[in-house]
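Taking the UniProt record's numbering, I'd label the letters of the sequence shown as residues 1 to 126.
One thing to keep in mind: the hints can contain errors.
As a list, the in silico EDC-like pairs of lysine to aspartate or glutamate whose alpha-carbon atoms are at most 16 angstroms apart [claimed, not checked]:
no.: 1; residue 1: Lys61; residue 2: Glu77
no.: 2; residue 1: Lys99; residue 2: Glu42
no.: 3; residue 1: Lys100; residue 2: Glu32
no.: 4; residue 1: Lys99; residue 2: Asp6
no.: 5; residue 1: Lys61; residue 2: Asp6
no.: 6; residue 1: Lys100; residue 2: Glu20
no.: 7; residue 1: Lys100; residue 2: Asp63
no.: 8; residue 1: Lys100; residue 2: Asp16
no.: 9; residue 1: Lys61; residue 2: Glu42
no.: 10; residue 1: Lys99; residue 2: Glu20
no.: 11; residue 1: Lys99; residue 2: Asp17
Derived DEER-like restraints, expressed as beta-carbon distance ranges [unchecked claim]:
no.: 12; residue 1: His52; residue 2: Gly102; range: 30 to 38 angstroms
no.: 13; residue 1: Ser25; residue 2: Lys100; range: 30 to 38 angstroms
no.: 14; residue 1: Lys99; residue 2: Glu27; range: 27 to 35 angstroms
no.: 15; residue 1: Asp101; residue 2: Leu38; range: 15 to 23 angstroms
no.: 16; residue 1: Thr14; residue 2: Arg89; range: 30 to 38 angstroms
no.: 17; residue 1: Asp82; residue 2: Glu20; range: 14 to 22 angstroms
no.: 18; residue 1: Asp16; residue 2: Asp112; range: 17 to 25 angstroms
no.: 19; residue 1: Asn87; residue 2: Asp16; range: 32 to 40 angstroms
What the hints contain is simulated information worked out from the structure, not anything from laboratory work. Glycine included, C-beta positions come from ideal geometry on N, C-alpha and C.
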Amino acid sequence: MSDDADVTWRQVATFDDLWEGDFISVEVDGEEVIVVHLPGGELRCFQGMCPHQEILLADGKVDFEAGTITCSAHEWEFSMDDGRGLNPRDCRLFRYAVKKDGEAILVGVPNDGRLRRLRHKTEQDA
1 MSDDADVTWR QVATFDDLWE GDFISVEVDG EEVIVVHLPG GELRCFQGMC
51 PHQEILLADG KVDFEAGTIT CSAHEWEFSM DDGRGLNPRD CRLFRYAVKK
101 DGEAILVGVP NDGRLRRLRH KTEQDA
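With the hints as extra help, turn the sequences into a complete structure.
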């Protein structure tokens, strides 16, 4: 994940907005992101648009038991662990840094100015 100097932290929600075992889709600096609050309390944040045809992932299926996020359009499936493509395997969701600050949920937006939603081919989360 990125170092604090490489990102700008943006508040996207509070724990009243996002309960454990649930997810939300929000816009952060012009990009859709999906934030998942895993059972056990850990937070994860990924690009919110499918890299295939930019379909909103929140309209698909978020399966906490299977640990997957599935696009509603063509059933592309991604791991909730790290965003890697499961079906197909040659894609990846960009994973954002996310942290707690009291009751606030903050997402780290990289300061490099690149769009995060178009990641069809696998890339490192550099």
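- prompt: Between Lys61 and Glu42, does the CA-CA distance stay at or below 16 angstroms?
  reply: violated (19 angstroms)
message: Quick check: does the Cβ-Cβ distance between Thr14 and Arg89 fall within 30 to 38 angstroms?
response: holds (36 angstroms)
task: For the pair supplied as a hint, Lys61 and Asp6, confirm whether the alpha-carbon distance does not exceed 16 angstroms.
output: violated (31 angstroms)
- request: Evaluate the given range 30 to 38 angstroms for the C-beta pair formed by His52 and Gly102.
  value: Since His52 and Gly102 have Cβ atoms about 37 angstroms apart, the given range 30 to 38 angstroms holds.
- request: Quickly compare the C-alpha distance for Lys100 and Asp16 to 16 angstroms and report which way the hint goes.
  value: holds (13 angstroms)
task: Would you check the hint for Lys100 and Glu20, treating anything up to 16 angstroms between C-alpha atoms as holding?
output: It holds: about 13 angstroms lies between the C-alpha atoms, which stays within 16 angstroms.
- prompt: Can the suggested window of 32 to 40 angstroms be confirmed for the beta-carbon pair Asn87 and Asp16?
  reply: Distance hint for Asn87, Asp16 holds at roughly 34 angstroms.
task: Starting from Lys99, check that the Cα of Glu20 is at most 16 angstroms away, please.
output: Status holds; Cα separation ~14 angstroms.
- prompt: Does the Cβ distance between Ser25 and Lys100 fall inside 30 to 38 angstroms?
  reply: violated (19 angstroms)
query: Are the Cα positions of Lys100 and Glu32 separated by 16 angstroms at most?
result: violated (19 angstroms)
- prompt: Would the pair Lys99 and Asp17 pass a check requiring their Cα atoms to be no farther apart than 16 angstroms?
  reply: holds (15 angstroms)
- request: Could you see if the CB distance from Asp16 to Asp112 stays within 17 to 25 angstroms?
  value: violated (32 angstroms)
Hint compliance for this structure: hints 3, 5, 7, 9, 13, 14 and 18 are broken, all remaining hints hold.
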